[in-house]
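Required output: the full structure, derived from the provided sequences and hints.
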Amino acid sequence: MRIDGNGLINRAKPVSFQFDGTTYQGFEGDTLASALLANGVKLVARSFKYHRPRGILTAGSEEPNALVTVGHGGSQDPNVRATTQEIYDGMDARSQNRWPSLAHDVLAVNDLGAPFLGAGFYYKTFMWPKAFWEKLYEPIIRRAAGLGAISGEPITDKYERAYAHCDVLVVGSGPAGLMAALTAGEAGADVIIAEEDSLLGGRLLSEAGEIDGMPARDWANEVAIRLNAMSNVRVMARTSVTGAYDGGTYGALERVGHHCEMRDGLPKECFWRITAKRTVLAAGALERPVAFQNNDRPGIMMASAVRAYVNRWSVAPGKSVAVFGNNDSAHDTAADLLAAGVHVCALIDSRPDATTTLDVPFYAGAQVSGSEGRKELEAISISRASGTDKVQTDCLAMSGGWNPTLHLACHMSGRPDWDESIAAFVPKPGMVPGLIAAGACNGVFSTAACLGEGAGAAVVALEAIGLQADMPKMPVAEDRDYSISPLWAVAGKGRAWLDFQNDVTVKDVKQAAVENFRSVEHMKRYTTQGMATDQGKNYNVQALAVLADATGRGIPETGTTTYRPPFTPVAIAAMAAGAEDKGFAPERFTTSHRLAVKAGAPMIEAGLWYRPSYFPVKGETHWRQSCDREVGYVRNAVGIADVSTLGKIDIKGPDAAAFLDFLYTNMFSSLKVGRVRYGLMLREDGHVMDDGTTARMADDHFVMTTTTAAAGQVMQHMELVSQGMRRGMDVRFTSVTEHWAQFAVAGPKARELLNGLLDAPIDGESWPFMACGDMSIGGVNGRLFRISFSGEHAYEVAVPARYGESLFAELRSRAEALGGGLYGMEALNVLRIEKGFITHAEIDGRATAFDIGMQGMMSKKKDFYGKGAAARPGLLEDDREQLVGLKPTGVVKQLTAGAHLYRDGAEPVRVNDQGYLTSVAFSPTLGTYLGLGFLRGGRARHGETVKMVDHLRGIETTCEVCHPVFLDPNGEKARD
Amino acid sequence: MRIVCPLCGERDSREFSYKGAALALAYPSEEAGFEAWDDYLHNRDNPAGPTRELWYHGSGCTSWLVVTRNTTTHEILSVELAEDAPESRQEASA
Ligand SMILES: [Zn+2]
Chain D
5 MRIDGNGLIN RAKPVSFQFD GTTYQGFEGD TLASALLANG VKLVARSFKY HRPRGILTAG
65 SEEPNALVTV GHGGSQDPNV RATTQEIYDG MDARSQNRWP SLAHDVLAVN DLGAPFLGAG
125 FYYKTFMWPK AFWEKLYEPI IRRAAGLGAI SGEPITDKYE RAYAHCDVLV VGSGPAGLMA
185 ALTAGEAGAD VIIAEEDSLL GGRLLSEAGE IDGMPARDWA NEVAIRLNAM SNVRVMARTS
245 VTGAYDGGTY GALERVGHHC EMRDGLPKEC FWRITAKRTV LAAGALERPV AFQNNDRPGI
305 MMASAVRAYV NRWSVAPGKS VAVFGNNDSA HDTAADLLAA GVHVCALIDS RPDATTTLDV
365 PFYAGAQVSG SEGRKELEAI SISRASGTDK VQTDCLAMSG GWNPTLHLAC HMSGRPDWDE
425 SIAAFVPKPG MVPGLIAAGA CNGVFSTAAC LGEGAGAAVV ALEAIGLQAD MPKMPVAEDR
485 DYSISPLWAV AGKGRAWLDF QNDVTVKDVK QAAVENFRSV EHMKRYTTQG MATDQGKNYN
545 VQALAVLADA TGRGIPETGT TTYRPPFTPV AIAAMAAGAE DKGFAPERFT TSHRLAVKAG
605 APMIEAGLWY RPSYFPVKGE THWRQSCDRE VGYVRNAVGI ADVSTLGKID IKGPDAAAFL
665 DFLYTNMFSS LKVGRVRYGL MLREDGHVMD DGTTARMADD HFVMTTTTAA AGQVMQHMEL
725 VSQGMRRGMD VRFTSVTEHW AQFAVAGPKA RELLNGLLDA PIDGESWPFM ACGDMSIGGV
785 NGRLFRISFS GEHAYEVAVP ARYGESLFAE LRSRAEALGG GLYGMEALNV LRIEKGFITH
845 AEIDGRATAF DIGMQGMMSK KKDFYGKGAA ARPGLLEDDR EQLVGLKPTG VVKQLTAGAH
905 LYRDGAEPVR VNDQGYLTSV AFSPTLGTYL GLGFLRGGRA RHGETVKMVD HLRGIETTCE
965 VCHPVFLDPN GEKARD
Chain A
114 MRIVCPLCGE RDSREFSYKG AALALAYPSE EAGFEAWDDY LHNRDNPAGP TRELWYHGSG
174 CTSWLVVTRN TTTHEILSVE LAEDAPESRQ EASA
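In order, the protein sequences belong to chains D and A. Heads up, our numbering is the position in the first sequence plus 4, with the first residue counted as 1. Heads up, our numbering is the position in the second sequence plus 113, with the first residue counted as 1.
Quick caveat, the hints were computed from the structure, so don't treat them as lab data. Using N, Cα and C, we set each Cβ at its ideal position, and we do this for glycine too. Just to be clear, a hint being listed does not mean it is correct.
Stated by the list, open to error - Facing chain D, according to a computed beta carbon distance under 10 Å, are these residues of chain A, among others: (1) Cys118; (2) Pro119; (3) Ala134; (4) Glu144; (5) Ala161; (6) Pro163; (7) Glu166; (8) Trp177; (9) Val192.
Claimed, not checked - Not everything, but these chain D residues come out facing chain A in the computed CB check (under 8 Å): (10) Gly251; (11) Thr253; (12) Asp363; (13) Lys871; (14) Gly872.
Here it is in structure tokens:
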């Protein structure tokens, strides 16, 4: 219930919100948890496995119980922690994992079946019969055990990603973090201070103490104002640093739009990647519960959370509160409750020598051994050597001590040290390079010590990056010793919870040890302890203490499980922000793109490029009609295609020819100026990397073309060769792919077309097959290559890219006047298959020059890249799969790419596999399907009939093996 | 991860692409024999500790770099241009 007091809530601003359909009032500054407690709502959730009633345990992001769903439809967020969710007008939150309602949950019968649902029950119970798993067991388990659900609707919220760099990143804003940021900020460093909470201050916001004679939270507020006023300090509230990565890189999740109604343009979350020269980890500490019978009942809370609700939100979590602990900080809770006017019915301290000056019923050397109540706490049992008392109470504040929040320090595989004096793990220096832990996360618990460590860490960080810094004048604050006597689990019958979110009890951990899952990593997986969304932040240490006890080892020998990012859950939507649809992927357009789209061509992606598939004309209803027509243009008249996407690399230097001799299997130093040669490139392992033509423009100047797909790979490869293996060569090269617009002009009327366009006409003598050189069109200087990828008399004409569009339009109209026109990728593919020209469908990374019948291109006169590897045994065997042509001969006249080949009559199973088809096309020129493929020993099998089986599409036929060049085998048309 | 390119300065690892061990620089001659080629192509030490790797600064200066990196800590111990790095297998693995 709400009490008087000066909590950090704005009583002048009431906020109305809904929980499970009921409307409640809270105040600005409330979290959902504080507002529900203020309204007396204690039952807020059902547990994961047993569907036990659960209440609010903590006041922070570590909360295991109070998970709710907020929002609807495309804006629905499941598993939101009520303890971090700020309320706003109209907010609609719902409980999870219950049916039909929170108060009456049918699956609470699971709790009665608990003896059968213990550790490893999945593994033991649902093993047989195997077929039942998918159909029966899994759906049942999924329905019964669970968290919140997504709506299934497309997301309507906006998420963002952002990047930041700084000198010093401060993680957390308690006393240590504030002093670190202040010290670094005043020294002039670029500082980012990230705080999960909406306000800076950390524990100071929830404690009653003073700093420099003023309430600690006022001091925190003053520091926050100073930090906000510094231009070199970026204060990031509502931002959780979620992971520490290599090189001073940190992930951080900023909750931008969770605390208010969504409005246009406001992202819900922003995922930051922060790179810091140095980091001060000031993440504080988390209080751990004590395991005792039925310690999970609503009303049983962390003692520090009770203080937070009383001091920060002016909420009494109960009318008559009991406090139980094994350390001094529990006593603060009783003191703060009394000061707030809340009745304290018992203060129980497990240490026999503990004393108190508080006017409360005090039980030293006692333990809470059980709880009673139905959906809420009604009473606790207090056990001492002398016997057991029962005390009526509606709220128990418990404290098993504090665990430093060292998670980020352990994200790079570092293992923390066990500190006996505080019975907790502490980070070792240097676990994350550049990260310095300070304050409570470093195992230092007094306010004065935290302030000092924060400032000290900043000084160390600043010195490391060459900034002058002095220790500031330290504020005055409490400096008490921390005293604790370990207490992990109270002995006794019944179930005592360790992992609240995954329903793991002391018994489960002991059972794991009995079944020999003694390694902490095995115990974790067998019991699922610590594997829930809270990663067991509150209670992992208790679980491994219980395991240590059960296996007769100490805690340091037992060790911890691995700490992994993210520290708190991060929505995939935040990590993937900006990557939906095309995201930031660039699009590469040719100069003819606009005209191609205008002509109605469907554009197909080729890497980042877009290329026209075909150019439909009126009356055509199927792409094959367009394709066949376009093939006819090239075979009978003249066709125009944009080939600018092929990689173009300009190579210059005295050693350019020698460089190419090493890159290509065949010789280029012998190539005459003004001539083009086809070349083949291998990888270091002797398999084909790429192919293409290279033109010699001058003695020391070549222009190489690569395939569209491999342009980047070839460029990278050339850089490696020139910087690594042939570093002495005097050669320079650069990609000029975008600089030139290049068009294929192919067909019997190609020269006729060009002669109407070129400033100086050409003839067969000046421009024979494989000639190249400069030319000009309308005064624009360009290049002309007489090369052919169709087998026809053909050219490629290149002009600076800015003239591309107009040249394309001109070529098109001239081609149409000669009975030809544009052709797209489909026709281009048919034309090259008819001629047996390969693409990366054939040279797919597994083929050697020998396999594709180009072993003759591997020069014997010189070394070339991959030569030694290509000569290895096994790469030149006659029974390798070799490139062949295939024509259908059976009843089914269709071939399909990807289909496999078998001997005629053999059963089409894997052991009988003889090869496969790589490319197929219907040839309008020859009136049949044609295929290219690889067949075992294929070159010696021309004329043989083999069986093609496409298991995927269910197509089967027979085909004749033939030479891969189906048309004009002697290449007379191209030379014509 | 951050890599300090000798030409461009400190950059995010996503500007770079990884090839493999810097042994790739110790390219054998064509007559080296099958064993040498097999060794060059397939045999790697996979050390738990410092290892020398080839990285390509494709989104930067297009340099190939030899990055010495500790595989157990991910610490980058040195970065040099491939064109300044030793070529022989012995030196390259040292
Ligand atoms: Zn660079």
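Compare the structure with the hints numbered earlier in the document and write down the numbers of the violated ones, lowest to highest.
-> Hint check: 1, 2, 3, 5, 6, 7, 9, 12 fail, others pass.
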